[in-house]
Amino acid sequence: MTTINALVLYGYGLNCDMETAYALELAGAKPQRVHINSVIDESVVLDNFQIMVFVGGFSWGDDHGAGVIQAVRMKTNGGDRIIDFVEKGNLVLGICNGFQTLVNIGLLPGIDHDYRSRSVALTFNDCGNFRDDWVHLNINPKSPCAFTRGMDRIDLPVRHGEGKFIAGKEIYGHLSENHQIVCRYAMPDGTPASGKFPFNPNGSLDDIAGICDSTGRVFGLMPHPEAFNHPTNHPHWTRIKEKIRRGYMPSDESPQTGIRIFQNAVTFFS
Amino acid sequence: MSHRLEITLKPDLLDAEGEGIRKKAARYFGIHIDKVRTIHIVTIDAAISREQLEIVRTEIFTNPVTQESSADPLPMDFDWCIWVGFRPGVRDNPGSTAAEAIEDVLGIKFKAQEAVYTSRRYCLTGRDLSESDVKTVAYELLANDIIQQVRIYAQYQWNQKEGTGIIIPKVRLDHIPTVALIHMDSDQELKQVSDQRNLALNLNDIPVIRSYFQNPENMRLRRQIGLNAPTDVELEYISQARSDHCNHNTFRGLFRYTDISTRKTEIINNLFKTYIEKPTLELQKKKDWVVSVLWDNAGVGRFDDNHYYVITGETHNSPSNMEAYGGAITGIVGVYRDPLGTGRGSRLIMGSYGFCTGHREYHGELKPKLHPRRLLDGVIEGVRDGGNKSGIPTTFGQVIFHPGYMGKCLVYVTALGLMPATAAGEPSDIKTTSPGELIVMCGGRVGKDGIHGVTASSETFSEHTPAGHVQIGDPYTQKKMHDFLNEARDEGLIRFITDNGGGGLSSSVGESARYSNGCRVWLEKVPLKYEGLDQWEIWVSESQERMTVSVHPRDIGRFMALSKKHAVESTVIGEFTDSGKLQITYDGKTCAYIDMDFLQSGFPQWEFDCEWLPPEKRGLYEPVISEPKNYNLLLLELMGRPNICSKEWITRQYDHEVQGGSVIKPLAGVDRDINSDAAVIRPVLPSSRGIVFSQAMLPMYSVIDAYHMTTCTIDEAVRRMVAVGADPDHIGGVDNFCWPNIAYDHEHNPDGKFKAAQLVRSCKAMAEMCLSYGIPLMSGKDSMYVDGHLLGPFGETRKISALESLQFSAVGVIDNIEKCVSLDVKFPGDRLYLLGLTRNELGGSEYYERLGYIGIKVPEVDPDMFFPLYHALHKSIRQNLPASVHGIYRGGLAVHLAMKAMAGNIGISIDLDKVPVDREMRNDKKLFSESAGRFLVSVAPPDCGRFERLLEGLPYACIGEVIEEPTLKVTSGKYGAVISLSVSDLKTSWKKPFGGMA
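Protein sequence lines correspond, in order, to chains A and B.
Residues 68 to 337 in my numbering are what the first sequence lists, from first letter to last.
Residues 528 to 1525 in my numbering are what the second sequence lists, from first letter to last.
Isolated chain A, as found in the complex:
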């Protein structure tokens, strides 16, 4: 099997680079943490990679809208290279601050290869605060998203203050029709959260937690798949362990971890 090289951005206040690199490694990729400045000054070139991840954190302190300055910085100093990277058939993933950045660059929603328009936004949570909690996600089986193939549900943590997805009617209609809405916040029983707090933690339009571009190769989501990299990350793991130990539950029914999303990215190239 050929090696799948994954570029994980770090620096300038990003902070999920280590665990994202670890998640990629578990998924079988060869991750490399690369400083934003090394991409900008081209001391590291994108040509050597198949996957590029914009990770979570507080880039530039996020004082002027989350992901805004990172987006400006990347667009001014390498925007075309990133678009080339996508057009060559590679994958881009944006998690939390990375999702916010992709949206501000315009890589998302990336309708019909338009990777420059800012037409959707992630803004302040309705609850008015940063919030850390676990959420249930329903995954849209019809989505072209390369990262979520074969998945229907997953539990993941959210940790953000600006995760409320908004879009105008027209754009929303397009995203919905073309199945670019990849995952939505759900109730514990799998029914839609329908805006209900805290299941929809931020007031997102249509419970949207993540979207992809038209090709399905650019994916952004607010929840953190890399933070569910081990069974003990799940908030109910001690209960699950006890159920399995007593034979109340087969061990292969344990919740799927977020690594699956990275595995999908790796197998996309095989």
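Please note that a few of the clues may not be correct.
[As the list claims (entries may be wrong)] Okay, the calculated beta carbon distance ranges per label pair:
| no. | chain 1 | residue 1 | chain 2 | residue 2 | range |
| --- | --- | --- | --- | --- | --- |
| 1 | A | S261 | B | K562 | 21 to 29 angstroms |
| 2 | A | F336 | B | Q811 | 46 to 54 angstroms |
| 3 | B | D1512 | A | R183 | 50 to 58 angstroms |
| 4 | B | K812 | A | F336 | 51 to 59 angstroms |
| 5 | B | E689 | A | K97 | 53 to 61 angstroms |
| 6 | B | P1213 | A | S261 | 35 to 43 angstroms |
| 7 | B | K1326 | A | S261 | 36 to 44 angstroms |
| 8 | A | R183 | B | E689 | 31 to 39 angstroms |
| 9 | A | S261 | B | R654 | 29 to 37 angstroms |
| 10 | B | L541 | A | R183 | 23 to 31 angstroms |
| 11 | B | K1519 | A | K97 | 50 to 58 angstroms |
| 12 | A | S261 | B | D1512 | 25 to 33 angstroms |
| 13 | A | K97 | B | D561 | 53 to 61 angstroms |
Calculated directly from the structure, the hints in this document are not laboratory data.
Each residue gets a CB set at the ideal place from its N, CA and C atoms; glycine is no exception.
Keeping the supplied structure of chain A fixed, place chain B upon it in accordance with the hints.
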């Protein structure tokens, strides 16, 4: 040319910030506002063109989907408008990042005097709003006049064309840096200098300082390098180094302790050496996992063969009391620099908090600088931004309300780091400076920040006077520096590293230079935020986010290149020598020349008289209460008391998942809403080992005896760890003492001798506990002046002293995280065990407090009885026997049965008669006694035999079982049902006080 941009959300979008302000105004002050809309203002004080401004406006500051903006004041309807901006010199983090972004987009570089400032305009709609309402909102909710300026406009006063005008809070000092010579011909004269300059020199130190400068040999050497009279740089340096904060004079003092009831007197020479250093050194010999203690910025323990963990704890009380947000964020970001400056530097992996304030709903007549509610809000937000923006999980925290914290709040912050055992082939816990190595200052720049701490706050403000003595931490700048320094360590570029905290360069360079025995500092090289600082100010400024690093000259090129890659400013400011002297020059002229060993020699020890009066001699007694008849009502009430009830709204604001290693989270159970006993993280992701961490605080027991307060606090911290699966043989401790002033003064501190005795008793108890539980003290700090003078209604001030408070942190290593246990009961039919003895120990309890009593029978710790139980429980956890474990803490058995049931969302039924007791006692005492050493454990029936065998000979009993019906049922033979409450009613009461706060 200066420009202003106004930015706001599109009118159809919810303004969550404005909505939060509207709700708080209603909830806190009963002020009804119809609507609040927020406008963000970016003021650019730089030479850019109109066209450039337009690029900046559209590219950076306006999101086309959500925002609208204008270079002129935005037309927004309001009845009142409040503008809030920073005072000059206050750290404006958004302003700095805005400048970075503008430079990048325009491809320009700002000149030294150019900058970007941010401020906000709040548009309030509400027909009935009065000017005084608006002032209340402005000053009690939106702005703190210590760091911010406010302008208020009524609708009719507003000029739509001008708006607020362009306000530029630039610091202008118009001052030429000058070294002043200090005359100290008499002790009296030096005392006057100390008073005038706010140096707070100890009277006993004054003759020592004078004789040093008058020593003929010293005078001769000084003349050789062109120095005569002592300079202000030198005196400031000495006073910093001799301060209690830096030198811990109190803990190193001499204590004459007398028990008034027995007339027995004891002398304790140096609390630190006697009660902290000695037991820790003794334990270090027995515990091979102790890597480095008692000398560095934090303690170091072994995590595995290749990694060490690092731990320390701090407080940031006085600054938080003045400016809650700024004080708290500076505190947490500051404590994170300690592990970063331990050994050759570690990566930060975890933080925790402890907040102590007056009651949130305080309606009394005293007027603290900040109402406890506002203070707590600010502190919560400060630690939130400091932790979250540093990318460090905040996995544990506690809040305690007590009127004693009205005088001064407590803000405890704790930090853990992880370092590789070796860096570039050398042990990373060891470091030293050597002659010829370069002194490099990394991170932020130097301004007038924090000079002389809060003493400067009484100065009057002018329009361009820096108000930087109250600081605002900058986690963004520090995170960049953190990533940079970790990489520099891995490349072997760091010979020595320490942080700039209290005392600034004065203390960091002064301490680093002890290893090489001398240094030369070129003070003019230090990068400044603005011109006009005197030399002594540069030397002692406490500007944040700075580290001092020793770099070998051969490595300096690579070090600087790496610094540049990370966009971190680093500057060579001097070199280490072996001259035996600390020498500072400014533009080539020496302005300080002090012997390195001067501060270690000849200064007199502080002395304290301590008088202990046992509680029974102080008029404490057990209250006379008949047995309550309505236990249901009583328990529901206790569940909702401020020190028991849910504080989920705080926990959820803190990122506790970042770094991807969360194992036992701060909130657990079916609905993820009940507080865990302790936190467990997996800091090395591929490893199944974990770090377990807990903290405890029980200041209420100090009212009876700080000795037992201390033993119970340490026992609780240990039990919390053991409850989730920690090995009792690997426990490291961190002590953080916060004490009211212990120096007796017949007028100003009449009970100082008693408070001093309490400190001695507390330290003694700590030493005894550490030896019996085998806890080396990895790190610790003390904050000794937790008193405040509050304004009363008659123009008087009243002194309020905090309870004698100790936060104890415990840390350990778990070799297999999959063995960890949570507190929630899991399956009906499981048996419920109570481990440990319940005794008639309700002194200082929540129950007595509710009924208006203190009592006298405070819980006591019996290590010989408790510790074997902890070992047995640990063994059972290793064999996967308990399905859930939870300690019994504040509130007693009833409260913690409720916690277990609420976490499992199913019922528990127990027979109170089966509770193991040392002697027969009433049901209320069994239910609400706070006896230490106890756990509640649920076990699956098939495992009960093995579980019981492990506990043979120890005090325990099966007291009931887990039941399907979600109800807490407590019965007692002759009484029948004592408590019967549904889990949802319990939860409702427990969540009610702070339930509406997202």
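Hint check:
1. A/S261 to B/K562: 21 to 29 angstroms: Cβ of A/S261 to Cβ of B/K562: about 26 angstroms, so the range 21 to 29 angstroms holds.
2. A/F336 to B/Q811: 46 to 54 angstroms: holds, 53 angstroms
3. B/D1512 to A/R183: 50 to 58 angstroms: This hint holds: roughly 56 angstroms between Cβ atoms.
4. B/K812 to A/F336: 51 to 59 angstroms: holds, 56 angstroms
5. B/E689 to A/K97: 53 to 61 angstroms: About 59 angstroms separates the Cβ atoms of B/E689 and A/K97, which means 53 to 61 angstroms holds.
6. B/P1213 to A/S261: 35 to 43 angstroms: holds, 40 angstroms
7. B/K1326 to A/S261: 36 to 44 angstroms: Given range 36 to 44 angstroms: violated, Cβ gap about 56 angstroms.
8. A/R183 to B/E689: 31 to 39 angstroms: Between A/R183 and B/E689, where Cβ atoms are some 37 angstroms apart, the hint holds.
9. A/S261 to B/R654: 29 to 37 angstroms: holds, 35 angstroms
10. B/L541 to A/R183: 23 to 31 angstroms: Between B/L541 and A/R183, where Cβ atoms are some 28 angstroms apart, the hint holds.
11. B/K1519 to A/K97: 50 to 58 angstroms: holds, 53 angstroms
12. A/S261 to B/D1512: 25 to 33 angstroms: holds, 28 angstroms
13. A/K97 to B/D561: 53 to 61 angstroms: With a Cβ separation near 57 angstroms, A/K97 and B/D561 satisfy 53 to 61 angstroms, so the hint holds.
Going down the numbered hints, you'll see the structure goes against just number 7.
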